[in-house]
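The task is to assemble the complex, starting from two chains supplied on their own in separate frames and drawing on the hints.
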Amino acid sequence: MIDWSAFGIVAVVTWISAMLIVTAYSFGVRLLAVAKDDARSTGLSKAGAYFCFAVAGLIVAFGVVLIVPQLSEALLGFSSSH
Amino acid sequence: MDLTLIVVLVIALALFFDFTNGFHDTANAMATPIATGAISPKKAVALAAILNLVGAFLSTEVAKTISGGIINEDPTTGVAIGPAMIFAGLMGAVIWNLLTWLLGLPSSSSHALFGGLVGAAIVGAGFASVNYGVLVSKVLLPAVCAPVIAGVSAYLCTKLAYAITKRQSGSSPKRGGFRYGQIFSSSLVALSHGTNDAQKTMGIITLTLVASGLQDSDSGVHLWVVAACAFAIALGTYTGGWRIIQTMGSGLTDVKPAQGFAAEVSTASAILASSHLGFALSTTQVASGSVIGSGLGRKGGEVRWGTAGRIALGWLFTLPAAAIVGGLAAWITHLGTVGVVIVAVLGLAAMLSIWFVSRKQPHGAETTMSDIDNSGAAVNILTKKQRRAKAKAQAQQARVAAAQKEADNS
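Here the protein sequences come in this chain order: G and Z.
The letter at position 2 of the first sequence is residue 2 when you use this note's numbering, and the numbering goes up by one with no holes.
Convert by adding 1000 to the 1-based position in the second sequence; the result is the number in this note's numbering.
Isolated chain Z (complex conformation) (with noise of 0.2 Å):
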C-alpha cells in the first residue's frame, strides 16, 4: 500500500477530528455562562478558543497508546494499529461526532474515537484483540459516575449558593454577581479541555509517523504537530457547536447566575480531580451532569428529563455506532489502496450530507443569542426601584384622568 498517501490522509483526517472535537465541547465550559447572559455567545467562542490554543501549547505529555490500553497494543502479543486501522478508528469517531452535532447531543469525543477503534480492531484483528475489562473501566464506569460525580457536587453548590446569599430582610439578594464568577469558572473549564484534548490528536500523528518510520519512536513531538493540532481544536471551538450549547445553556433546564456558577466550578473541580487522581472522566458527561444537578438544586427550578434521557441515549450509541462505522471502514480498508480510497471518498460524502442537512436548520451565534433574549425578555424582573417609579406613573396617570373626569363632569 502507498505509505505517504494514507500517513497524510491519518493526518488530515486526525486535525478534522481534533477541529470536531473543538466544536462539540465549546458548550461545555462556555453553554451556561452564554445561556446567564454573563458573557456574549461571540466573545464567549472567542475566549474558549484562545484558551484552547494556550492549553494545547502548554500540555507536554502526549499518550503512548492510541487506545490507553483498551485494544491489546502489546508490541509481542497484541495488534499492531497500523495507520489503516487508525484511519478506519477516526473515521468512525469523526461520523458519530458530526451526527451527534446535527441532533445537538452533548457526546464524548474520545469515547467516540476508542468506539472506531474497537470497531477497526475487531474486523482487522479479532474479538479478542479488545481488552473488555479496561472498556468496562475505563469507558462504561466513568459513564456512569461522571454525571453522578458533577451532578450531585452541582446540586450541594447550588442549594449552597442560594441559602448563602439568601436576606432575612427580603431585600434584593444581587445574585447577578455570580456572573463576574462565570467568566473565570468556565475559563478554567476551557483551559483543561485544551490541555487534555488536544494531546489526544497528537499522539495519534506521532504513533502515526513513527509506526510509517518518518519519525524516530524516542524523539518527542513535533512543533509542526504541535501547532496544527492546537489550532485546529482552537478553530473548531471559535466555529462554536452553538447546537450543543443551545441543548446544554436552555434544553436540560433554564440555567440563572448562581446555578451556572455553582455547575461551572463542578464541572472544573471534577476533572481537574479525575485528570490528576487516575480515574479519567469524559469533560462533556461531567458538563451534562453538573447542569442537570444545578437546575435540581434551585428551588421552582425545572430539569427537562426527555432531554436529558436522549443525550444519556446518545452516550449509551456513542462506542457501539463509532464501532460499526470504524469496522466497516476497516473492512472497507483491506482492499489495500483501493479501499482507503473508497473509505475517503465515502467518508468526505457522509460528512457534506450531514453538513447540507445541518444547512437546513441553521443554528448560528444570532438564532442563540435571539433565543436567550426573549427567555430574558419572560422572565425580566423589574427591580424595586422600577416597580416603584412604575406604581407612581401609573397613580400618577390615574390621578390626572379622575381629575380629566370630574372637570369633563362639572
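Next comes chain G alone, as it looks inside the complex (with noise of 0.2 Å):
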C-alpha cells in the first residue's frame, strides 16, 4: 500500500538537486567576494563566479523544462506531470 520506494526516491533527488544548485550558487557568491578584495588575478575570479552561476542557472532551468508540461514534451519527449 504504502510505496516507501517512491519516497525514499523522491528524498534522495530532493536533496542532491537542492544542494547542487546551492553548492553552485555558493561558490559563485565566494569568488565575487574573492574579487572584490584581491587586487589579483580579479579577472579569473569573476569569470569563475559567472560560470557558477550559469552552473546554477541551467539547473533551474532544468526545473522550468520539467514545471512546463509543453517544454518537457518537446526537449525530453515526455510530459511527467503525476
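Among the hints, a few may not be true.
[To be verified] Cut-off 20 Å, straight-line C-alpha distance, at most; resulting in silico cross-link-like pairs (EDC-like, lysine to aspartate or glutamate): (1) LYS1159/Z to GLU1073/Z; (2) LYS1166/Z to ASP38/G; (3) LYS1159/Z to GLU1302/Z; (4) LYS1174/Z to ASP37/G; (5) LYS1174/Z to GLU1073/Z; (6) LYS1174/Z to ASP38/G; (7) LYS1299/Z to ASP1254/Z; (8) LYS1166/Z to ASP37/G.
Source of the hints: derived by calculation from the structure; they are not laboratory data.
Structural data, given as C-alpha cells:
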C-alpha cells in the first residue's frame, strides 16, 4: 500500500538537486567576494563566479522545463506530471 | 433539485476556493524573499501572481477524479460524487482555509478540500465510501514526510552555503549575493504552484459540468474554465495572505539571504521531485519544513518551536475540521434546493464574519514591510568601511573636544 521506495527516491533526488544548486551558487558568491578583495587575478575569479551562476541557472532552467508540460514534451520527449 | 442553481453555486464556490488557495499559498514562494528584503512585498506578490497565472494556463493535465482515489469513485461500485456533495466539500475547505488564514497558519489547501469531500461522502454515503488506505498513503504519510524531506534538505543546504562562503582571512563573505538567487528560486516555486493547484479547480468544475450533462465526458476543459481558474488563483495570490507570509517569513525563524535561498531551492526541488516521481507532497508543508531546516542550519539561528507546533497542530486538524464542516453541509443539502440555499447562506455568513474579525487587526503589505524594516534596523551591522569612518569621526570629535578643553583651561 505505502510505496516506501517512491518516498526514498523523492527524498534523495530532492537532497541531491538542492545541494547541487546551492553549491554552485555559493561558489559563485564566494568567488565574487574574492574578486572584490584581491587586487590580483580579479578577472579569473569573476569569470569563475559567473560560470558558477550559469551552472546554477542551468539546473533551475531544467526545473522550468520539468514544470512546463509543453517544454518537457518538446525537449525531453515526455510529459511527466503525476 | 434545480440542477442549474447547484451547478452555478458549485462553480462560484470552486472559483472562490481557488482564490483562497492562491492567497493561502503566496507565502510558500514569497515569504522568505520578502523577509530577507530580496524583493519588496508589493513586487513579490505581483511576481507570484503573474507566475501563477502563466502556470495555470500552461497546465494541461487536469485531474480525472475529484478526490484522487480517497473516496471510492468507481462508476459501478463506488459513490457518485454529485454536485451537492462537491458543494458541501468545497464549503468545508473554504471555511477551514479562511479560518487558518485568520490565525496566520500555513495549511494545505488540498488537504482541506480532501477533508471537506471526505466529510460530505461519509454523511452522504456512509463510512465505507472512503478508502482509508489511500487516505493514509496520500494525506497522512506525506504530511509527515514533506517537512522532513524539505527540512533536511534546507538544513544541509544552509550548512553548505555558509561553509562554502566562509572566508578564512576574515574578510567579508558578501552573502547578500544570495538575494539575487532568491528571486529566481522563489519564482520557480510560484510557477510550479500555478501549474499544480489551478488544475484542481479546473478538474472540479469540469467534472461538475460533465456530471450534470452540460458537457460531453470526452471533451477537454473549456477555455473559459481555464481562464476563470487562472485569474482566480492569480487574484488570490496578488491579494497576498499577509498573515501567513508573516508567520512563514519571520514567525518561524529570522531568515538571512543564504538561508532563504537554501530554503527556496529545497522547496522547489522537493515539489518538482515529488510531482514527477509519484509521491505528491503538499507545497505548504514542504515550504514550512524548508524554513525550519534553514533556521536550524545557521549557527546562532533560532527556531521558534512554539510557532512550529501551532502550525503542526493546524495540519493535524485540517482534515477532520474540514470534514466536519463538509459533513454538516452535506447533511443540510439533503433537504433539497432549500438545503443548498441554507448552506450557501450560512457559509456566506461564516466567511463574512471571519472577514470582519480579520478587519480588527489588519495585516497589509504596509505592516509586513514595517515589521521587516524594524527587524532589519535592529540587526543592521555596519560594513568595515562604515565602522572605520565612524571611528575616525569619533576620534576627530574627541581630539576637537580635548583641544577645546585645553584651550578653556589655559
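Quick rundown of the hints versus the structure:
Our distance criterion of 20 Å between C-alpha atoms is broken by LYS1159/Z and GLU1073/Z, whose separation comes to about 46 Å. A distance of roughly 16 Å separates the Cα atoms of LYS1166/Z and ASP38/G; the hinted pair therefore holds under the 20 Å criterion. Pair hint LYS1159/Z plus GLU1302/Z holds up; C-alpha atoms about 14 Å apart against a cutoff of 20 Å. Between LYS1174/Z and ASP37/G the CA atoms are separated by roughly 11 Å; this keeps the pair inside 20 Å, and the hint holds.
With a C-alpha separation of about 56 Å, the suggested pair LYS1174/Z and GLU1073/Z falls outside the 20 Å cut-off, and the hint is violated. In summary, the hint linking LYS1174/Z to ASP38/G is supported, as the alpha carbons are separated by about 14 Å, within the 20 Å threshold. Annotation: proposed proximity of LYS1299/Z to ASP1254/Z holds, straight-line Cα distance about 12 Å (limit 20 Å). With a C-alpha separation of about 14 Å, the suggested pairing of LYS1166/Z with ASP37/G holds against the 20 Å cut-off.
In summary, the structure is inconsistent with hints 1, 5 from the numbered list given earlier, while agreeing with the others.
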